[in-house]
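K.L.:
Now for the letters of each chain:
There are 2 protein chains.
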Amino acid sequence: MAAPAKVPPPPLGLVAGAGPLPAMVAETVAAGGRVVAIAAVQGLADPALAGRPRHLGFSFGEVAPILRHFAEHGVREVVLVGQFHRPAWRDLKIDLGTLRALPLLFGYARGPDGGVISLVSRLFDGAGLKVVSVADVAPSLVAGEGRLGLRAAGAGDEADIARALRLLAATGAFDVGQAAVLHAGRVIAIEAAEGTDALLARVVELRQAGRFRAPRPAGVLVKGPKPGQALRDDMPVIGAATIAGAAAAGLSGIAVVAGGTLLAEGAATVAAADEAGLFLVGVRP
Amino acid sequence: MAAPAKVPPPPLGLVAGAGPLPAMVAETVAAGGRVVAIAAVQGLADPALAGRPRHLGFSFGEVAPILRHFAEHGVREVVLVGQFHRPAWRDLKIDLGTLRALPLLFGYARGPDGGVISLVSRLFDGAGLKVVSVADVAPSLVAGEGRLGLRAAGAGDEADIARALRLLAATGAFDVGQAAVLHAGRVIAIEAAEGTDALLARVVELRQAGRFRAPRPAGVLVKGPKPGQALRDDMPVIGAATIAGAAAAGLSGIAVVAGGTLLAEGAATVAAADEAGLFLVGVRP
Numbered sequence: 012m013a014a015p016a017k018v019p020p021p022p023l024g025l026v027a028g029a030g031p032l033p034a035m036v037a038e039t040v041a042a043g044g045r046v047v048a049i050a051a052v053q054g055l056a057d058p059a060l061a062g063r064p065r066h067l068g069f070s071f072g073e074v075a076p077i078l079r080h081f082a083e084h085g086v087r088e089v090v091l092v093g094q095f096h097r098p099a100w101r102d103l104k105i106d107l108g109t110l111r112a113l114p115l116l117f118g119y120a121r122g123p124d125g126g127v128i129s130l131v132s133r134l135f136d137g138a139g140l141k142v143v144s145v146a147d148v149a150p151s152l153v154a155g156e157g158r159l160g161l162r163a164a165g166a167g168d169e170a171d172i173a174r175a176l177r178l179l180a181a182t183g184a185f186d187v188g189q190a191a192v193l194h195a196g197r198v199i200a201i202e203a204a205e206g207t208d209a210l211l212a213r214v215v216e217l218r219q220a221g222r223f224r225a226p227r228p229a230g231v232l233v234k235g236p237k238p239g240q241a242l243r244d245d246m247p248v249i250g251a252a253t254i255a256g257a258a259a260a261g262l263s264g265i266a267v268v269a270g271g272t273l274l275a276e277g278a279a280t281v282a283a284a285d286e287a288g289l290f291l292v293g294v295r296p
Numbered sequence: 012m013a014a015p016a017k018v019p020p021p022p023l024g025l026v027a028g029a030g031p032l033p034a035m036v037a038e039t040v041a042a043g044g045r046v047v048a049i050a051a052v053q054g055l056a057d058p059a060l061a062g063r064p065r066h067l068g069f070s071f072g073e074v075a076p077i078l079r080h081f082a083e084h085g086v087r088e089v090v091l092v093g094q095f096h097r098p099a100w101r102d103l104k105i106d107l108g109t110l111r112a113l114p115l116l117f118g119y120a121r122g123p124d125g126g127v128i129s130l131v132s133r134l135f136d137g138a139g140l141k142v143v144s145v146a147d148v149a150p151s152l153v154a155g156e157g158r159l160g161l162r163a164a165g166a167g168d169e170a171d172i173a174r175a176l177r178l179l180a181a182t183g184a185f186d187v188g189q190a191a192v193l194h195a196g197r198v199i200a201i202e203a204a205e206g207t208d209a210l211l212a213r214v215v216e217l218r219q220a221g222r223f224r225a226p227r228p229a230g231v232l233v234k235g236p237k238p239g240q241a242l243r244d245d246m247p248v249i250g251a252a253t254i255a256g257a258a259a260a261g262l263s264g265i266a267v268v269a270g271g272t273l274l275a276e277g278a279a280t281v282a283a284a285d286e287a288g289l290f291l292v293g294v295r296p
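Just so you know, the sequences run in chain order A and B. According to my numbering, the residues represented by the first sequence are 12 to 296, in order. According to my numbering, the residues represented by the second sequence are 12 to 296, in order.
Excised from the complex, chain A in its bound form:
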């Protein structure tokens, strides 16, 4: 008897922000046989996405074209992928859908950084589209638990990881702090608006300035979602730049929250950590 024909999942709408992750997710989902319709933020998303089928470019603030585009392709589920920098007001194109959303937009304008994504999510919810997470549609990109590469964290690293998770839980209440660098119990750097790449660049400077003196490699980068962060909207990501930054900072390794952090290039990110001599582990808070 032949195996029952597998029903492919319905078309997926992918709203693409900046960075390499949207193309990676589109690739991964399409490779699994699912149709993907892309709505890419112009001037922000990877221009190479325009070469993919069912692509629409849009400007921040344009809502109606996206909903039309997704409806045309039978989309019922939407995933938001990539970085959505808070646009300047002058970059906003205001259409009718946006006008309807103005109360939300005014809320966003004074809100924290995650505001862009949760705003857009609420717009889709309101239009009857289900917003799902990258973990739902491309689980192979989500960090698992335990040792992910060749190297394991040492005992001192594990103590720093545990302390960092407590620190991030404390700062998370202030809608901040997806990442921190610790060594031997000392907090070297905490991320706020600057992002993880700039955080790691700062550790390089701290070493140069003699404010972080432990011989290389030493110190861990710990990264995870904010407590209560809606993973369907936004997940922290590490990738090639994170690995290179951590190596330049002379760290021992990286710990990410398992099930709550994306590896931007999946297995390639793990291989890059191995090659850089860094441990890469998934941990549970």
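Please keep in mind that the hints were generated in silico from the structure rather than gathered at the bench. Treat the hints with care, since some could be wrong.
Here chain A is said to cover these stretches of chain B; the calculated rule only asks that three of the stretch's residues, wherever they fall, bring their Cβ under 8 Å from a Cβ of chain A [what the hints assert, rightly or not]:
id: 1; region: 175 to 182
id: 2; region: 194 to 200
id: 3; region: 214 to 225
Quick reminder that beta carbons are idealized off the backbone N, C-alpha and C, glycines included.
With the hints as your guide, set chain B onto chain A.
P.N.:
Relative to the frame of chain A, chain B by itself:
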């Protein structure tokens, strides 16, 4: 009847680290009629201190010469002033007093940044010298409560200040975070090992990178001691560099914890804030 002759307080031992504050404190205390004997960390303390009377230069790790110097001048109370960067081991000169303190030094070597100062304090305690705070000996340099300069904080600033104080209380449990920059509820930057000047330089970069877009002036720097920080050992300081940094970062003003923060140049720091158009207020957590 003539007023009773005021008995001058006993000579004060001043251990001088880096920065302008040691000279400022020496000046202020001496102007009050009290004899000051200085022990300055060579290569770290302001070289101009060597021009003051009763000056001794010493290297990190040399304990006996300081105790002898202070004993010669009748010192019973000691104040530690300035920044004491964690020295590299190769910069340590080891003498007998240091050898006695080795268990403490080993503790220090893996400890947090405040370790240098609390180590030295414990050495003085052990030698029967009372360690006092800058607030005890030069109260005119300590920030008071309320509006310190010409400008007051606005309502939005006050909400940010309150939120920043809660954030610093949360991070303080991790021996970190004497300062943070917030705007409209959003945490822009948190200080860890980089220091306040680098924190403010980062805010300049965040504005340039479009990650902090509020029109100038906007945002507050909030600075205070860590919760439970022993003020006799170490107090946060703001001065000309802080004012210039906050102005360059386009902030609205600065809030410091009243009674727990030093104004490096006293009234001159307040005048600098006025001139830069910044509010400067002392607050209670």
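K.L.:
Decide, hint by hint, whether the structure agrees.
P.N.:
Taking the hints in turn, this is what the structure says about them:
no., hint, verdict
1, 175 to 182, "holds (count 4)"
2, 194 to 200, "holds (count 6)"
3, 214 to 225, "holds (count 6)"
In the structure shown, no violation is registered for any of the earlier numbered hints.
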